[in-house]
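Asker: Top to bottom, those sequences are chains A and B. Reminder that position 153 of the first sequence reads as 153 in the working numbering, one-by-one numbering, no gaps. Reminder that position 121 of the second sequence reads as 121 in the working numbering, one-by-one numbering, no gaps.
Incorrect hints may appear among the rest.
Stated by the list, open to error - Taking lysine to any residue and the SDA-like style, the derived pairs with C-alpha atoms no more than 25 angstroms apart in a straight line are:
{"#": "1", "chain 1": "B", "residue 1": "147", "chain 2": "B", "residue 2": "117"}
{"#": "2", "chain 1": "B", "residue 1": "65", "chain 2": "A", "residue 2": "193"}
{"#": "3", "chain 1": "B", "residue 1": "69", "chain 2": "A", "residue 2": "416"}
Stated by the list, open to error - Label pairs and their in silico Cβ distance ranges:
{"#": "4", "chain 1": "A", "residue 1": "132", "chain 2": "B", "residue 2": "160", "range": "38 to 44 angstroms"}
{"#": "5", "chain 1": "B", "residue 1": "19", "chain 2": "A", "residue 2": "403", "range": "48 to 54 angstroms"}
{"#": "6", "chain 1": "B", "residue 1": "57", "chain 2": "A", "residue 2": "228", "range": "35 to 41 angstroms"}
{"#": "7", "chain 1": "B", "residue 1": "19", "chain 2": "A", "residue 2": "106", "range": "15 to 21 angstroms"}
{"#": "8", "chain 1": "B", "residue 1": "19", "chain 2": "A", "residue 2": "485", "range": "43 to 49 angstroms"}
{"#": "9", "chain 1": "B", "residue 1": "34", "chain 2": "A", "residue 2": "436", "range": "50 to 56 angstroms"}
Claimed, not checked - Covered stretches of chain A, as calculated for chain B (at least 3 residues, CB under 8 angstroms):
{"#": "10", "segment": "113-125"}
{"#": "11", "segment": "172-186"}
{"#": "12", "segment": "295-304"}
Honestly, the hints are just simulated from the structure, not real lab data. All C-beta atoms in this analysis are idealised placements derived from N, C-alpha and C, irrespective of residue type, glycine included.
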Amino acid sequence: MKLTGAQIMLKVLKEEGVDTIFGYPGGVVIDIYDELAKSDIRHILVRQEACAVHAADGYARAGNRVGVCLATSGPGATNTVTGIASAYMDSIPVVIFTGQVPTHLIGNDAFQEVDTVGITRPCTKHNYLVKRTEDLARVIKEAFYLAASGRPGPVLIDIPKDVSVNAIDYKAPKKVKLKTYNPTYNPNIKQVNKVVELIKKATNPVILSGGGVILSNASKELTQLARNTQTPVTSTLMGLGGFPASDPLWLGMIGMHGTYRANMSTGECDLLIGIGVRFDDRVTGRIDAFAPNAKIVHIDIDPTSIRKNIPVTAPVVGDCKVTLTLLNKLLKKEDLGDLKKKRKKWFAQIADWKSTAPLAYNQGDAVIKPQFVVEKLYELTKGDAIITTEVGQNQMWAAQYYHFDKPNRFITSGGLGCMGFGLPAAIGAQLACPDKLVVDVAGDGSIQMNIQEMATAVQCGLPVKVVILNNGYLGMVRQWQQLFFDKRYSETCLEHAPDFVKLAEAYGAVGLRATKPEEVVPILKEGLFSKDTVIMDFVVEKEECVYPMVPAGAAVTEMLLT
Amino acid sequence: MMEEKHVFSILVDNEPGVLSRIAGLFSGRGFNIESLCVAETTDPLISRITLVTTGAPPIIEQIEKQLNKLINVIKVHDLTGKEFVHREMALIKVVAKAEHRAEILRTVDIFRCKVVDVGREHYTLEATGDEGKINAILSLLKPIGIKEIARTGIIALFRDPK
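In isolation and in its complexed conformation, chain A is listed as follows (with noise of 0.2 angstroms):
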């Protein structure tokens, strides 16, 4: 049978299961797109081609699957990047296809030509320039492979015009094997024993749950784990809903702002218990002085995790939910002893950290406080919505205040911390789960940045929420500006913005203002419970800094808490 490089294309990834490709087209992809047309792959014509790639990413996060986007050589393919590097960081496994001019033109300079894998090569997983049709559907097969195995991650493939027009004789490819690929699932059943004694001798123990449990799908495991040990539990931002926010072992998110009884808790725990992290800077703090009193365990797929930022005690390679079901398993044979008795002390200190700095706003009768909005959104939502962000200080309030019980509920750019992904990422998440309430928690800086895929949620029928809270700034920095800079708010006042209510009516969407406090429960309701895309505007405190801070180069216990 003969089929050309675009019905291979097709073919191959209507047997991966694909149903939907974020995508932008252009002059070398045309052939590609003719065939979609005549497919019933769902394609989503984004307005940008960052955008598709935030938004298969967000279709991955909350679908639990392989995402997919497509856009054009060049300018199409350079404009991926930020939405790979932000992919990349976060370890969503999302295959990307570029085209790219016709082979004997490369190197040529080309009309939008670029050396698409020369740029991406440091921001993928892995990647592949198809030279020969002959080799596409393989490689097409070892992308959906290498993008959702071992630690996912991006995958990118650029397509050649020729390659997509030229027709063969198709030959199914066989069964994927990369003799240079094999991740490691199973850990060291030694080094889980090791774990298991550091286990039976801590008091203080903690554990640091990251990213990695939610990929592997370990909430169960973890929970499991935190329960029989009674071990309280933090989360990196990257993590959080893997452990449920309701669960009283909760200390709640770790980091630069992060609350004060988790980051304390690192500071006086005899045991951390890291999972799936990578512990960033973000994270830690000064490195010297994290956990300092503390033997390290650290589990983790990707050995490079391992090591690469702090010393650990017991390192254990392996799938985070493939490893704690044996450490639960083993957990199982051993008299952890009287738990209650041994871990009173170590409870009793949480406790008087939490009563001495809980998460806490003050809001009165005259400006909104932007906490009170998340606050209010996730009562009115009862803890359920998917909720993804910005960057910024509307990443961080969502973060605080809104407390998620379920893992691929909150979808945020960790990383890279990426501004302009809330909204795509919300349009991938609401076109992986249709039922689903889908939030955009959105800074009117941050909003600007993708504001134009407005278009594609309205065109698509998308009921996605956006939530902006407007404080006229770029907020984040300027709190930085404001505690380190004297109060110089250089750049960072955005002095004209859009009318957010008709600019949302201008976009074919709804646009709702609140600017009183008592005005944001009926906004909420109208807006959330609305059946069409809503952009809803908060006007609020203009100055509001999250807190608690750690500043930058400090340790996670030297905190400004107000």
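With chain A's structure known, arrange chain B on it following the hints.
Answerer: Showing chain B alone in chain A's frame:
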């Protein structure tokens, strides 16, 4: 922590772009490359890269892990601390005026080099050995006048049990 010199022998897929993945990894993560040698092995699908780097022990550990993480890397050996043979080759073009020619040839003899090109004003020598030997030859020839040199960087293999 003390910086250590390490020799890595890396087997990789013999494909376009693989070298740039390795070089990019080193530059992107701020690791050092002191020398780098690449050539095909007996299997044309596989190349061997011999790479010399320096770093504190945790950095060396990261380098080895990061190399292993690359999809096109088949096997990484850290040869340092193990029994291995290593050699480097240098081509050295020396100024060879009449009064120095005898001395240069004596040096060639002592170090078991070869003269591979002769001109009225120069000799080009081929020297093989470990880094120390190459450096010793260079330091002896320097006062006479070295016009140009090309060094391969080291290549290395494990010693198998006898």
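Asker: Let me make sure I understand: some of the numbered hints might not hold for this structure. Which ones are they, in numerical order?
Answerer: Nothing - there is no hint that the structure violates, so all of them hold.
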